[in-house]
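Trainee: Chain by chain, the residues:
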Amino acid sequence: MAVAKSKRYVNIIDTTLRNGEQTAGVVFSKHEKIRITKMLDEIGIPEIEVGTPSLGIFEREIIKEITEDKFNCRIFVYCEAEPENIKYAARCGAKNVIINISTSDIHLKEKYKKNRTWVINKLRETIRTAKQNDLNFIISAEDATRTDLEFLLKLISIAKKKGAYRFRICDTVSKFDPFQTFLYINTISSAIDFPLEVYNHNDFGMATANGMAAIRGGASSLVVSVGGLGEGTGNAAMEEIVMALRYLENIELGIETSKFREIAEYVARSSSRAIPIWKAIVGTNVFAHESGIHADGVIKNPKNYEVFNPSEVGLTRQLVIGKHSGSHIILHKFKEFDIELTDKQANEILALARALSEDLKRSLFDKELMYIYNEYTKKKESKREEQNPEDKA
Amino acid sequence: MREIDLLTEFSQKAGTEIDPKNIKIDDTTLRDGEQTAGVVFANDEKIHIAKMLDKVGVHQIEAGIPTMGGNEKEAIKKIASLGLSCSVMGWNRAVKSDIDASVECGVDAVAVSISSSDIHIEHKLRKSREWVLESVKTSVDYAKGFNLYVSVNAEDASRSDMEFLLSFARTARDAGADRLRYCDTLGILDPFETFMRVKNIIDIIGIDIEMHTHNDFGMAIANAIAGIKAGATYVNTTINGLGERAGNAAFEELVMALKYIEGVDMGFNTTLFRALSEYVAGASNRILPTWKPIVGGNLFVYESESKASGVLTNPETYELFKEKDVGLERKVILGKYSGVNTIIYKLGTLGFKISRKEAEELVEIIRNKTVSLKRALFDSEIIDTYKSYKGRSDKSKSDKKGGK
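Listed in order, the protein sequences are those of chains A and B.
Position 243 of the first sequence, counting from 1, maps to 243 under the numbering used here, and the rest follow consecutively.
Position 11 of the second sequence, counting from 1, maps to 11 under the numbering used here, and the rest follow consecutively.
Treat the hints with caution; some may be incorrect.
[Said to hold, decoys possible] Covered stretches of chain B, going by a simulated chain A footprint (3 or more residues, C-beta under 8 Å):
| no. | stretch |
| --- | --- |
| 1 | 219 to 226 |
| 2 | 298 to 307 |
| 3 | 333 to 341 |
[Stated by the list, open to error] Cross-link-like lysine-lysine pairs, in silico, DSS-like; alpha carbons within 30 Å at most:
| no. | chain 1 | residue 1 | chain 2 | residue 2 |
| --- | --- | --- | --- | --- |
| 4 | A | LYS344 | A | LYS303 |
| 5 | B | LYS374 | A | LYS38 |
| 6 | B | LYS51 | A | LYS361 |
| 7 | B | LYS51 | B | LYS73 |
| 8 | B | LYS96 | A | LYS303 |
| 9 | B | LYS369 | A | LYS30 |
| 10 | A | LYS344 | B | LYS73 |
| 11 | A | LYS131 | A | LYS70 |
| 12 | B | LYS137 | A | LYS300 |
| 13 | B | LYS144 | B | LYS78 |
| 14 | B | LYS78 | A | LYS361 |
Don't read these hints as lab results, they were simulated from the structure.
Just so it is clear, CB atoms sit at the ideal spot from N, CA and C, and this is done for glycine as well.
Using the sequences plus the hints, can you model the full thing?
Mentor: Written out as structure tokens, the structure is:
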């Protein structure tokens, strides 16, 4: 079976509003939650996790408003495995739930102080309630990557038998690298024919790579969040997964990527977090070029240093003048200002710009570049006047 | 190439053990890190960072670009004269005058960089493949004449024709280069592709390989590890992943991933990681995101009941390493997702021993407060909230008593 480069479909489920909000210190307002749902729906995200009904009335009111609205995407809510939680979900109009339970021995022993039989019974009980309430459900195994494989397979077969929509495998502690992820998912998907979804954390900077590896291993769905917002180091970033699928795997989800920057900004503001300027895909520095080599390459042909056009994710290209700039970029930059420099002028201005940049310990604003130019030309003129005083007359 | 059986085979091979002694870190915070648009280090900062890197245990420091002259050259000269335990490398284009500048700085190693992809050769260099090979040969010869350790950097290697890249590597090896830096200049590889390509070069040419990866699609660390699994022995890292565009493989992430995921403990002094990251963030005038892997300020801050109740019983429920291992601190805060256990613990740390019943009543009060403030609560707010709750419940108790 060929995995990549085929026309296979991959699902993503965005959890910005659930696990994203669960991040220490982050709270979205009702207005923000609804706005983010709309934005994600509009760009074509197929599934969204919007919240945790058991948290309280405030949360259930938001969820109710979202489930009553008309969206193209499938709306999910999140429940720890407990019949009571399912009832809360049903009461706020949810049609789809994620039923989460820890499955690793360490979690059973230390967190629940229960055994594996308890997990099975708790799941059965919760699933029964979900079915009674006519809910579509995903079973989510927390800490699945530290779970005994036989036990995990047993849980997946229960989920399958009970008519679950999908099974979610959580790499809760970021235990795996992409090769291990691939082998693990491949082993599971070869053992049992059931749709798998993978949830990654970014503790070692590999959330996106692991998500992609899971797809290669046979998973059909990934859990993502805008900007990777999530507990601890966060999750696989939605924008990275969508673009990596498009450009590294040739799998097109049909999502309107030109809104990525705008959505990332909205989520960043709502969660009181800045988007690092170097954030993959949506950071403002991703298309900024300063060094002589890179800037020169980009001026000659953007493909030298860019895989896709900045407008594809709602960004713009910037040429920045600083310590590492070369004379080509100076020539190019001044052309933008409608000033044609000679090579000699460009080199002299470059030396001045580099010195100022070192002095200021940063790159220069366009204005500062113009100040340099103005002073430079003035100095040249007065020099000429000194040398040829008769010119004045 | 991408059939699943083959992938499985590759992935299994990629699981073989790696000897920590064979893996070396070449940190380029001072070169590729500073080359980032907008970043300029002062010379004092460069020297301080070099000393910290040496102290933490990196094997080699790429200190800068000597041919830039001026302050840059002065800083490199100074770093090379510090008597550090690590090797000090200067970065060069494959040009004799660049190498001369490196020699003048007194470095013991040079990186000689030239593009190997047709797109760069045609559109950037505007030369031919033959010209590239000739430049590699001439500049390696030249650098070797000064008895320098030489890394030949294949820029844009990941978009290079594989056959040509092999000739490139062969030319470098035959000219006496010590290693080849495989640059995924645009960050377009995934770990599987990286593994196959790097393994190919090692199997066919047999030269030491260094991984230089970029994070454009969030894969810098995974690709660096894939390279190591394929037999690469050097990784080019930067502190905080500082580097052009989305940056490079972050030093602290790579070291910890090797240690905790691959079981390769290189013996770095990881407790200095947070301090090193803070210093570089400050010097590069960038924030250190609270969620930054390994060193982010919030990584050991717990709010949600689900995680906090696990971690408070046994940190191993959610952590592979301890906060002290990287110079961070553990903390519990109260917010929308906090519950009974979190509240009992938190108030305990603030000096109030409360009952489970009290905690159950406080959950709703605290969640409502945090929802209306749109953030977690400050310690003083938690104390206020508890005191006013306590006042109310004591009052209602005494009212009841009075009623009797």
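Trainee: Go through the numbered hints given earlier and state which of them the structure violates, listing their numbers in rising order.
Mentor: Going through the list in order, the structure violates no hint and respects every one.
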